[in-house]
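Chemist: For reference, the chains in residue letters:
Number of protein chains: 4
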Amino acid sequence: MDAWRTGIVAADAETIRIRGYEITALMRGASFADVLFLLHRGRLPQPGESALLNAILVSAADHGPGAPSCAAARLVASGNRESLSAAVAAGILAIGNEHGGAGSLAMEMIAQAAALAAREHLSLAQAAERAVAAARADGRRLPGLGHRVHRNDPRTAVLFDMAREHGVAAAGVEFVTALQAAAARLIKPLPINIDGALAAVLYDLGFPPAAGKLIFIAARAAGLTAEVAEEHAREKPMRIHIPVDYDGPPPRSL
Amino acid sequence: MDAWRTGIVAADAETIRIRGYEITALMRGASFADVLFLLHRGRLPQPGESALLNAILVSAADHGPGAPSCAAARLVASGNRESLSAAVAAGILAIGNEHGGAGSLAMEMIAQAAALAAREHLSLAQAAERAVAAARADGRRLPGLGHRVHRNDPRTAVLFDMAREHGVAAAGVEFVTALQAAAARLIKPLPINIDGALAAVLYDLGFPPAAGKLIFIAARAAGLTAEVAEEHAREKPMRIHIPVDYDGPPPRSL
Amino acid sequence: MDAWRTGIVAADAETIRIRGYEITALMRGASFADVLFLLHRGRLPQPGESALLNAILVSAADHGPGAPSCAAARLVASGNRESLSAAVAAGILAIGNEHGGAGSLAMEMIAQAAALAAREHLSLAQAAERAVAAARADGRRLPGLGHRVHRNDPRTAVLFDMAREHGVAAAGVEFVTALQAAAARLIKPLPINIDGALAAVLYDLGFPPAAGKLIFIAARAAGLTAEVAEEHAREKPMRIHIPVDYDGPPPRSL
Amino acid sequence: MDAWRTGIVAADAETIRIRGYEITALMRGASFADVLFLLHRGRLPQPGESALLNAILVSAADHGPGAPSCAAARLVASGNRESLSAAVAAGILAIGNEHGGAGSLAMEMIAQAAALAAREHLSLAQAAERAVAAARADGRRLPGLGHRVHRNDPRTAVLFDMAREHGVAAAGVEFVTALQAAAARLIKPLPINIDGALAAVLYDLGFPPAAGKLIFIAARAAGLTAEVAEEHAREKPMRIHIPVDYDGPPPRSL
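Protein chains in written order, with this note's numbering: chain A, 1 to 254; chain B, 1 to 254; chain C, 1 to 254; chain D, 1 to 254.
Pulled out of the complex, with its shape left as it was, chain A reads as follows:
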């Protein structure tokens, strides 16, 4: 088999290097957010970049056992007591476009809008207005806006404030802010949800759209480990009983 090529880690009997840096130096001198930035972007972050990626990780780490990711992890922990990794993995599997992963869709929208603005000499506010009009015409939801629970997600303002304070805010934050304003005008007032906020800042940090999902996954994995640990520590196996209503065919014979 051909060797698998990689530009991320080089390991031999004596050393392990991530993107060229000795892992021992990183253990002493870099935060976990720094290393995640390094793994994905190939360089260590500036302090402001590190603060923002750290805030994103904290913001997405956990949301309680009611979130599909946490609930799936706990269900698996309930039936399969012998594998902690099975439970955490099930939680990660629940992350998709509908839960935790809409940041990727929002980042694609930002990238397309930025390209459109550059091509047609539009402002980002004009590009946002077009995106809202197009979504309204097609009856599509705009990724990054709206939330089932949080009328005004407290995490968004903090992320955007931090992005501005640290000089990280750029086209991503500007576009998503303009998108919300245009949606309020053309559709209805909608909060910027955590997916949209995270997408705006990750875009401004130079991450590609896939990172909208991947960074959320890296963050939520931490929370899932705690949810699974609590399930093992506090609950008996098989304690979860889902109520079911059968509405299929009546009893019949072969």
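In case anyone wonders, no lab produced these hints; they're calculated from the structure. Being a predicted model, the structure only gives us computed values, none of them experimental. Using N, Cα and C, we set each Cβ at its ideal position, and we do this for glycine too. Hints are supplied without guarantee of correctness; some may be wrong.
[Claimed, not checked] Simulated restraints on C-beta separations:
1. D:187 x A:118: 33 to 39 angstroms
2. A:1 x C:115: 54 to 60 angstroms
3. D:206 x B:239: 33 to 39 angstroms
4. A:48 x C:12: 55 to 61 angstroms
5. D:164 x C:115: 52 to 58 angstroms
6. B:254 x A:241: 45 to 51 angstroms
7. A:241 x B:151: 41 to 47 angstroms
For chain A, the structure is supplied; the task is to place chains B, C and D on it using the hints.
Modeler: Using the frame of chain A, we list chains B, C and D on its own:
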């Protein structure tokens, strides 16, 4: 269905709190390692505790595509291009007692040795000697010692030095160090591997044995996101060809 | 990399053979239960063996959305709409010693009892009595007996009757039947659950203990695909709301 | 929490019914393929339908350890020895549009072509010609045609012959056959691969497009259990060594 109880996260329409702390305050004032400590241990760490948990997370974040976790993630990314979470989850599934999870076994051994020492008024060095003798008698491998690749894992010394510098080192570090010495005397010289080092320090940080696996999972999830991102960015789907030798029954008819 | 050896499938540009048989001949001349038997046992089954393995597969195929496996699959389908395989995989992850996998434990118990009976010239009824006495002394549950829902699992009698009718019943069925009788005498009346019934028959079909889990997994995978299909067809994304009670620390500041 | 509604299984303390049929009657009187048909389509199949679905299941059950699904399962079995379900689940996660799941894409194409033919009074051959022309114009691959390994997949002819013999063949088989002919004329000769064959027959059996993936998953789960069993039985943990070429940044200091 009964409500699921939890002591980790409380979320409503206006706020999200982790162990009582507003998530927005944590986003500004806590590192990801702090929050992981908080999620698992119910309190924020002291600076030395935070430095150690951060170092553990960095040490386990990635080890290159040859590790089973990273290889499994890349294989899944190769066949299933549409789900990033499927690929990361597959990587996590490869974590078990044989790969990345032996820290849990080592933590159980430490806990048993500490209990034995307390019960029988032994020193930890004496308890370590007994553990080595018992493993030798049964032909069992000692969790935390030995490695396929790293003759002298560079991460161990750094973790133990940091644990001593920050005043975190206690029974865990002492026992695993004594275990290595006893093994060298009674069996053969073996390095303390990353599982053993991580187990010693997590024990001294007050984590239960399950954390040996769970903290490794939280760390490796980060590396897996980068491995999957690189697979998508650099490689075509279905590029992996495993060579196979068939040695089963010859052709035959029904 | 060294080639991976296998005795199961040989495939080249022109043919695919399973255990030596052309897959095209199997497609026409073998049932899925036959092929599963062939994959695991290396030969095609006798008609009675095939009928029994088929009955086991049918018995375990689905148990409704309340079972942890089905519930986990639906939760993941609810959050991650883009990957059908993620949802089915999450359902499989919920299968463990506590749910669907106790057949492996029961098969190990049967194998140990059979070895004990041979070694000490005991009848299987005597070996069963010893197993019950030991479990009672240790306060352990006996794998294969008892059920949360089914006071008298209807599947057990059918499997055992079929095993006797087809001449498949041997030490496995005899031992588990004796185990139930001894438990009724020494502990309390307990039904033989599906795990115990499946274990007895799989043992008599010559499968090793791991098959207790693996055959259940192969069967349940079928049901999971239907549960996931129904979730996609009938339900909106993110429709599942788990009620949560927070009982952790009160609000506090950093 | 609201009860989860389902039309598939009804279970209580005394009985389990699938789509209204007692599971005990199905265990005696139905094949596994029958039950899978029943689970998905809500009725038992005619004998010809059953034979076809059985042949599809057999055709997709296993393809040797080199397939990404089987390789991922073995890698996970190599690192995580304690969870059989983790290994099988990882194998299922590798199934996607690129591996094993293209049947869903092919079924969508068939459904669209059939709708187009009805709407514009075209023959299926004309609709196939349009589909090929459109794919050629866009540089897209046609789902269901072409294969990396099998120049002439032996499974396709058997499935199509059986579909005709049993009177199951209809628009699906007709369209895919016409698609191949049109591709040979307009692009180049390409075999109908197993995804395309399976898609054609599942369409003619009345399954929706999602079944292209789901039925493959149900089939491959069986093969994965055998691959995992062989890995456990024949191989040591951590035996897999992936060769790696690092081409990232050279060593550097923080």
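Chemist: Each of the hints needs a verdict: does it hold here or not?
Modeler: Hints, verified against the model:
1. Here the CB-CB span from residue 187 of chain D to residue 118 of chain A is close to 36 angstroms, well matched to the stated 33 to 39 angstroms.
2. Checked against the given bound of 54 to 60 angstroms, the beta carbons of residue 1 of chain A and residue 115 of chain C, roughly 42 angstroms apart, lie outside it.
3. The hint said 33 to 39 angstroms for the Cβ distance between residue 206 of chain D and residue 239 of chain B, and at roughly 36 angstroms that hint holds.
4. The hinted range of 55 to 61 angstroms is satisfied by residue 48 of chain A and residue 12 of chain C, whose Cβ atoms lie roughly 57 angstroms apart.
5. Here the CB-CB span from residue 164 of chain D to residue 115 of chain C is close to 53 angstroms, well matched to the stated 52 to 58 angstroms.
6. Taking 45 to 51 angstroms as the suggested C-beta distance range, the pair residue 254 of chain B and residue 241 of chain A conforms, at roughly 47 angstroms.
7. Between residue 241 of chain A and residue 151 of chain B the C-beta distance comes to about 52 angstroms, which lies outside the given range of 41 to 47 angstroms.
Hint check: violations occur at hints 2 and 7; the rest are consistent with the structure.
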